[in-house]
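In our numbering, the protein residues as written are 127 to 208.
Rather than coming from a laboratory, the hints here were simulated on the basis of the structure.
Just to be clear, a hint being listed does not mean it is correct.
Said to hold, decoys possible - Lysine to any residue pairs mimicking SDA-like chemistry, simulated, CA-CA at most 20 angstroms apart: (1) 146 with 172; (2) 144 with 133; (3) 144 with 163; (4) 146 with 174; (5) 146 with 177; (6) 144 with 168; (7) 146 with 176; (8) 144 with 165; (9) 144 with 178; (10) 144 with 129; (11) 146 with 133; (12) 146 with 130; (13) 144 with 158; (14) 144 with 160; (15) 144 with 204; (16) 146 with 128; (17) 146 with 196; (18) 146 with 180; (19) 146 with 136; (20) 144 with 169.
Unchecked claim - Computed Cβ-Cβ distance ranges for the label pairs, DEER-style: (21) 177 with 141: 28 to 38 angstroms; (22) 195 with 166: 25 to 35 angstroms; (23) 205 with 139: 25 to 35 angstroms.
Because the structure is a prediction, the values reported are computed rather than measured.
Heads up, the beta-carbon is just placed ideally off N, CA and C, and yes, glycines get one too.
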Amino acid sequence: MIDVLYFAWVRERIGIPKEKLQTNAVTVMDLVEELRAREERYAVAFSDLSALRVALDQDLSEFDAPLDGVREVAFFPPMTGG
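Construct the complete structure from the given sequences, taking the supplied hints into account.
If you want it as structure tokens, here you go:
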């Protein structure tokens, strides 16, 4: 099982802040494809990956990163400073 967390507008589009998933995904991108295939709301939330960032076990990562041993995946929009 893997914990998947959604923040900001990603959470708003999907409608939940987090969920536990059983997945066969090898990479983050594989997980995104599984999520997109679930329901339209996921397809909408993950339609433009250039507008998303991902963290694995609270470390900023990339969409081609492996999920082996990962317990938590978080999706969020890019952060801005100021």
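Quick rundown of the hints versus the structure:
Between residue 146 and residue 172 the CA atoms are separated by roughly 18 angstroms; this keeps the pair inside 20 angstroms, and the hint holds. At most 20 angstroms may separate the alpha-carbon atoms for a hinted pair to count; residue 144 and residue 133 meet this at roughly 9 angstroms. Only pairs whose Cα atoms come within 20 angstroms are accepted, and residue 144 paired with residue 163 is accepted, the gap being roughly 18 angstroms. Between residue 146 and residue 174, the direct Cα distance comes to roughly 23 angstroms. Violation of the 20 angstroms bound is thereby established for this hinted pair.
At roughly 23 angstroms between alpha-carbon atoms, residue 146 and residue 177 are farther apart than 20 angstroms, so this suggested pair is violated. Among the hinted pairs, residue 144 with residue 168 is consistent with the structure: their alpha-carbon atoms are about 13 angstroms apart, no more than 20 angstroms. With a C-alpha separation of about 25 angstroms, the suggested pairing of residue 146 with residue 176 is violated against the 20 angstroms cut-off. A C-alpha spacing of about 16 angstroms is found between residue 144 and residue 165, which places the hinted pair at or below 20 angstroms, so the restraint holds.
The straight-line distance between the Cα atoms of residue 144 and residue 178 is roughly 16 angstroms, inside the 20 angstroms bound, and the hint therefore holds. A C-alpha spacing of about 7 angstroms is found between residue 144 and residue 129, which places the hinted pair at or below 20 angstroms, so the restraint holds. Taking the CA atoms of residue 146 and residue 133, the gap is about 15 angstroms. The hint holds against a cut of 20 angstroms. At most 20 angstroms may separate the alpha-carbon atoms for a hinted pair to count; residue 146 and residue 130 meet this at roughly 6 angstroms.
In summary, the hint linking residue 144 to residue 158 is supported, as the alpha carbons are separated by about 14 angstroms, within the 20 angstroms threshold. For the suggested pair residue 144 and residue 160, the alpha carbons sit about 16 angstroms apart, so the restraint of at most 20 angstroms is met. Using a Cα cut-off of 20 angstroms, the hinted pair residue 144 and residue 204 holds, with the two alpha carbons roughly 18 angstroms apart. Taking the CA atoms of residue 146 and residue 128, the gap is about 6 angstroms. The hint holds against a cut of 20 angstroms.
A hinted pair counts as satisfied when its Cα atoms are at most 20 angstroms apart, and residue 146 with residue 196 qualifies at roughly 13 angstroms. Taking the CA atoms of residue 146 and residue 180, the gap is near 16 angstroms; set against the 20 angstroms cutoff, the hint holds. At roughly 16 angstroms between alpha-carbon atoms, residue 146 and residue 136 fall within 20 angstroms of each other, so this suggested pair holds. For the proposed pair residue 144 and residue 169, the alpha carbon gap of about 16 angstroms is at most 20 angstroms, so the pair holds.
At roughly 18 angstroms, the beta-carbon separation of residue 177 and residue 141 lies outside the given 28 to 38 angstroms, and the hint is violated. Range check, residue 195 to residue 166: Cβ separation about 31 angstroms, and the 25 to 35 angstroms hint holds. Checking the proposed 25 to 35 angstroms range against residue 205 and residue 139 shows it is violated: the Cβ atoms sit about 18 angstroms from each other.
In the structure shown, a violation is registered for the earlier hints numbered 4, 5, 7, 21, 23, in ascending order.
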